[in-house]
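Trainee: Let the hints inform the model, and build the full structure from the sequences given.
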Amino acid sequence: MRIRLLDIAHARSGDKGDTANVGLIALRPEWYAALQRYVTLDAVRDHFRGAITGDVERFELPNLRALNFLLHGALDGGGTLSLKTDAQGKVYSTALLRMTIDVPDDEAEQCRLPAFEDAG
Amino acid sequence: MKTVVRIASGQGFWGDSLEAPRQQVEGGQIDYLMLDYLAEVTMSILQKQKERDPSMGYARDFVGAIESVLDSIVNRGVRVIANAGGVNPPACAAAIRALAVSKGVSDQLRIAVVTGDDLLGSLDELLEAGHELVNMESGEPLASIRGDVLSANAYIGSAPIVEGLSRGASVVITGRSTDTALTMAPLRHEFKWGAADWDRLASGIVAGHILECGAQCSGGNCLYDWRGIPDLANVGYPIAEASPDGTFVVTKHPGTGGRISVPSVTEQLVYEMGDPREYITPDVIADFTTIELKADGDNRVRVSGIKGRPATDKLKVSIAYSAGFKAVGTLVYSWPEALEKAELADRILRQRLDRLGLRFDQVLTEFVGASSTHGALAKRQLEYPEVQLRFGVRGLQRSAVERFTREIAPLVLNGPPSVTGFAGGRPKVEEIVAYWPALIDKTVVTTRVEMV
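In order, the protein sequence lines correspond to chains A and B.
All you need for my numbering is the position in the first sequence, starting with 1, plus 5.
All you need for my numbering is the position in the second sequence, starting with 1, plus 356.
It should be emphasised that the hints constitute simulated quantities derived from the structure, not laboratory data.
Where is the CB? At the ideal position from N, CA and C, for every residue including glycine.
Be aware that a few hints might be false.
[Stated by the list, open to error] Here are the simulated DSS-like pairs of lysine-lysine, each with C-alpha atoms no more than 27 Å apart in a straight line:
# : chain 1 : residue 1 : chain 2 : residue 2
1 : B       : Lys798    : B       : Lys548
2 : B       : Lys663    : B       : Lys650
3 : A       : Lys95     : B       : Lys735
4 : B       : Lys406    : B       : Lys784
5 : B       : Lys358    : B       : Lys663
6 : A       : Lys95     : B       : Lys672
7 : B       : Lys663    : B       : Lys548
8 : B       : Lys663    : B       : Lys798
9 : B       : Lys784    : A       : Lys95
[Stated by the list, open to error] Some but not every residue of chain A turned toward chain B, in silico, with C-beta under 8 Å:
#  : residue
10 : His15
11 : Ala56
12 : Ala100
Mentor: Below you can see the structure in the form of structure tokens.
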């Protein structure tokens, strides 16, 4: 079953130099397992391929049912050097929430993950 | 010893709500008001102001903030801790002293000033002594931009603030203290936490991290159930109700808007987070993977379980340097084919800049409304009602950037059609003050506390 992160998580992002961080938080405690299992380092690297110039780091915070991603080279130099509208990475969070993951049907049904139907 | 200490956040950055400090002291019982004014770029702005006028270089808003809460400081014993001193804490203290004199309460106001974070004057000495101040991101030594440095300040910890409080200050003014120390220091002072009481110090740091962005933990910028967050117009700023064991409750005054919930606090905890296992501060390394959050009634979240480890032997240094010039110009293109028109204008502009022989270190085009924040992740739509072309250049030569600013307006008459939105005039050339993060040995930074 295809799941969109927006439907199972919320997020906030910020900056440190040319690196944006995205904290991804499960909307329900029982949905953290799906984030933890399927929002992998490789999946997030793929999602942001072409959008950032550096690598991605991934950290787990099971206590907060959250993952933290560092997106290096995400901010066109960062801070005052950056020419981007989002020079401080404030909305990278929502860019991650666009991502979809594939979860086996039985697992998705067991914790009632909402299916994503792509309209277009 | 008090069993509960209430610390209220009244300012998340320089430019935050002018009303928040007063609302925090008048909305209910608090012991400390914490005001965070400094961001990475703020120090260099203040440094420039100080160069023009030696009596400047601090956050001027702070004087108004103190005026708005002066009665509570003098008559209710509320104590204020702020990094409003910027690059000139003594001048900031003098301004507060002058205010107290003019209000006739000078005798009742004790001010502590923390200095020693400013390394600009000793920078060459430090470099000569072998402190390379290597850029933590790029690995380059500071020597490569030494001539362009505008300010250099070490991020200092809680110790000097604790000293100021123990010497009876009702207002403690610092320069580049860490944001989190402003909250942790009064807890350490009240509860007599030792310098190696790692878990409790880490708890104070986490309280500081939650409070340091003002309303960003109490419903502001909160994505979770954003439509359902009540009365943001009257948003309550956060308060930490802390206990001697290091646990605390995040809450806000009754009758205020916004919402404090496990999701709102969690969003703030992950804000600007690096490796959650090691949130490094001058006082302690806090482990964010040990934080436990629990709903504790209406607009109350209990925070506990926090573990800390010994601090490192380094301090982070915030160095600001002059890094050239930039300008950003915008035009708005309307339906039909809004995006295609903006894309054509972008190509034309690039050809013209090329023909003029202008060279830049960076040129960036964004199509606001279509792809500026999410890039290729945002699907291209069949129709946009309008798209803003946003075109920026950056370079070391002011003249080239200046010349670029003259190339936007002509497009209104000699470029693609259906264009508007040029009311703002020519783009402004901005001098870039960039940020150079480095580390330095703790032993070479000596802080001082003075009662004035």
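Trainee: Under the constraints set out in the numbered hints, which ones does this structure not fulfil?
Mentor: No hint contradicted; all consistent.
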